[in-house]
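Engineer: Generate the whole structure from the sequences, applying the supplied hints.
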Amino acid sequence: MTNTLLVTSSPRGAEGLSTRFATEIAEGLKARSGGTITVRDLATEPLPHITPAYINGRIASPEARTAEQAEAVKLAETLVGEIRAADIIILGSSMINFGPSSLLKAWFDHIIWPGVTFGYGETGPIGLVPNKKVYLVTATGGVFSEGKYASFDFQTGYLRHLLGFIGLTDVELVRVEGTVLGPDVANAAIAATEAQVRAVLERAA
17 MTNTLLVTSS PRGAEGLSTR FATEIAEGLK ARSGGTITVR DLATEPLPHI
67 TPAYINGRIA SPEARTAEQA EAVKLAETLV GEIRAADIII LGSSMINFGP
117 SSLLKAWFDH IIWPGVTFGY GETGPIGLVP NKKVYLVTAT GGVFSEGKYA
167 SFDFQTGYLR HLLGFIGLTD VELVRVEGTV LGPDVANAAI AATEAQVRAV
217 LERAA
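Letter by letter, the sequence shown follows residues 17 to 221 in our numbering.
Careful, some of the hints might be misleading.
When the alpha-carbon atoms are kept at most 27 Å apart in a straight line, the in silico BS3-like pairs for lysine-lysine are as follows [unchecked claim]: (1) 46 / 148; (2) 46 / 149; (3) 148 / 121; (4) 121 / 90; (5) 148 / 90; (6) 90 / 164; (7) 149 / 121.
With beta-carbon atoms standing in for the labels, derived distance ranges [stated by the list, open to error]: (8) 165 / 90: 38 to 44 Å; (9) 101 / 181: 17 to 23 Å; (10) 47 / 97: 22 to 28 Å; (11) 30 / 84: 30 to 36 Å; (12) 101 / 135: 34 to 40 Å; (13) 93 / 181: 16 to 22 Å; (14) 181 / 217: 26 to 32 Å; (15) 206 / 90: 38 to 44 Å; (16) 185 / 90: 24 to 30 Å; (17) 164 / 138: 40 to 46 Å; (18) 208 / 78: 46 to 52 Å; (19) 136 / 93: 17 to 23 Å; (20) 67 / 206: 38 to 44 Å; (21) 101 / 210: 28 to 34 Å.
No wet-lab data here; the hints were simulated from the structure.
From the three backbone atoms N, C-alpha and C, an ideal C-beta is built for every residue, glycine too.
Structural biologist: Here's what the structure looks like:
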């Protein structure tokens, strides 16, 4: 049985295109192979930004943690547990000011945990949650995959780096872009992404 973790983060909620297409992939995979979907909707249930309680609590022994520290660490443990339990991770990210939303950044700040999701070896960092398939669904109003604005895409490379840092290197990118460039361009962009999603599901069948 395949366990899928769906993480969505568009501030538009269900109306966000990154949420729409990430959800379509998750539901399509489940229809083909069964299994379960765990949904972490960061727009509906935003995570708190990390605080000293988390920073200090995660390096303290469990018995030495204050109640506030224990609560902060427990949340991070829950998020990491969702990742570890997943065979497939589907991540929806809408570009906000050229990068991922602060909603998604807060998720990464909780799960990138030294000694838990990454460590250091003789040759450098070692990701501790490997061997999982990741579908990264990004949405942008402009076109950032190529052309004069490609260098402004601080979302895709950054997210790939964070995922790879904890061992998630098998990443397939699904883009929807150009949606603010007029109705014709937006409709064509959505149709192109719909075709890409169908191709993803056909390969997974």
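Engineer: Does each hint hold? Answer for all of them.
Structural biologist: Now the hints, each set against the structure:
1. 46 / 148: Given pair residue 46, residue 148 holds - Cα atoms ~16 Å apart, limit 27 Å.
2. 46 / 149: 14 Å, holds
3. 148 / 121: 20 Å, holds
4. 121 / 90: 18 Å, holds
5. 148 / 90: Given pair residue 148, residue 90 holds - Cα atoms ~23 Å apart, limit 27 Å.
6. 90 / 164: At roughly 44 Å apart (the allowed maximum being 27 Å), residue 164 and residue 90 break the hint.
7. 149 / 121: OK: residue 149 and residue 121 at ~20 Å, within 27 Å.
8. 165 / 90: 38 to 44 Å: 41 Å, holds
9. 101 / 181: 17 to 23 Å: The hint (17 to 23 Å, Cβ to Cβ) holds, given that residue 101 and residue 181 are roughly 20 Å apart.
10. 47 / 97: 22 to 28 Å: 26 Å, holds
11. 30 / 84: 30 to 36 Å: Given a distance of about 33 Å, which is inside 30 to 36 Å, the answer is holds.
12. 101 / 135: 34 to 40 Å: Cβ of residue 101 to Cβ of residue 135: about 20 Å, so the range 34 to 40 Å is violated.
13. 93 / 181: 16 to 22 Å: Given about 19 Å between the Cβ atoms, the range holds.
14. 181 / 217: 26 to 32 Å: 28 Å, holds
15. 206 / 90: 38 to 44 Å: For residue 90 against residue 206, whose Cβ atoms are near 40 Å apart, the range 38 to 44 Å holds.
16. 185 / 90: 24 to 30 Å: Given about 28 Å between the Cβ atoms, the range holds.
17. 164 / 138: 40 to 46 Å: 42 Å, holds
18. 208 / 78: 46 to 52 Å: 50 Å, holds
19. 136 / 93: 17 to 23 Å: The hint (17 to 23 Å, Cβ to Cβ) holds, given that residue 136 and residue 93 are roughly 21 Å apart.
20. 67 / 206: 38 to 44 Å: 39 Å, holds
21. 101 / 210: 28 to 34 Å: 30 Å, holds
Against the hints set out earlier in the document, violations occur for numbers 6, 12.
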